[in-house]
Amino acid sequence: MSAGAASDAARDGFAAFRADDSLLAFIGEIGVRHDDGTACFQVRLTEGALNPLGILHGGALASLFDVALYEVARTGGEAVTVSQETKFLSAIRADAPLYVEAEALRAGRRTVFCTARATQGDRLCGHATAQFARLGDKGT
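Here numbering that gives the first Met the number 0 is used: position 88 in the sequence shown is 87, and no number is missing along the way.
Source of the hints: derived by calculation from the structure; they are not laboratory data. For each residue, glycine too, the CB sits at the ideal point set by N, CA and C. Misleading hints may appear alongside valid ones.
Cβ pair distances, simulated, as ranges [to be verified]: (1) 54 - 15: 35 to 43 angstroms; (2) 76 - 120: 32 to 40 angstroms; (3) 107 - 45: 32 to 40 angstroms; (4) 46 - 17: 26 to 34 angstroms; (5) 17 - 84: 34 to 42 angstroms; (6) 24 - 105: 15 to 23 angstroms; (7) 110 - 18: 24 to 32 angstroms; (8) 47 - 11: 23 to 31 angstroms; (9) 46 - 105: 17 to 25 angstroms; (10) 53 - 135: 17 to 25 angstroms; (11) 11 - 107: 26 to 34 angstroms.
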């Protein structure tokens, strides 16, 4: 995160998130906050993640959802995405932070069901649901 964005994010309880992930870094500067079984990303989008209309690419939003959903699915141990459904509800532009909030709906021994929503200001921009499989001791 840039110095100004990092200080704004820290003031809101967000910490820098995974600087080692080149796809996420391409999408934007991401802060994360974990609260009571949820994960929330604050994303300051880069121009490179926008399509020619100046709107966030759908694949970028799907990637943000996948990573945020994984953050809550893995709380009981490592997990992998089995399925994800993403709904694009409103255009997302780079002029304001994007928030992606994820929570686990049900966590069983082998499967975790999660949901997430993307908002910008007071607009609901996207919604996703996903199913994760918990990995066994040998990663299977």
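Hint check results:
1. 54 - 15: 35 to 43 angstroms: violated, 26 angstroms
2. 76 - 120: 32 to 40 angstroms: The hinted range 32 to 40 angstroms holds for residue 76 and residue 120, with Cβ atoms some 36 angstroms apart.
3. 107 - 45: 32 to 40 angstroms: holds, 37 angstroms
4. 46 - 17: 26 to 34 angstroms: This hint is violated: roughly 21 angstroms between Cβ atoms.
5. 17 - 84: 34 to 42 angstroms: Given a distance of about 24 angstroms, which is not inside 34 to 42 angstroms, the answer is violated.
6. 24 - 105: 15 to 23 angstroms: violated, 32 angstroms
7. 110 - 18: 24 to 32 angstroms: holds, 31 angstroms
8. 47 - 11: 23 to 31 angstroms: Once the Cβ atoms are compared, 24 angstroms apart, the range 23 to 31 angstroms for residue 11 and residue 47 holds.
9. 46 - 105: 17 to 25 angstroms: violated, 38 angstroms
10. 53 - 135: 17 to 25 angstroms: violated, 45 angstroms
11. 11 - 107: 26 to 34 angstroms: Between residue 11 and residue 107, where Cβ atoms are some 33 angstroms apart, the hint holds.
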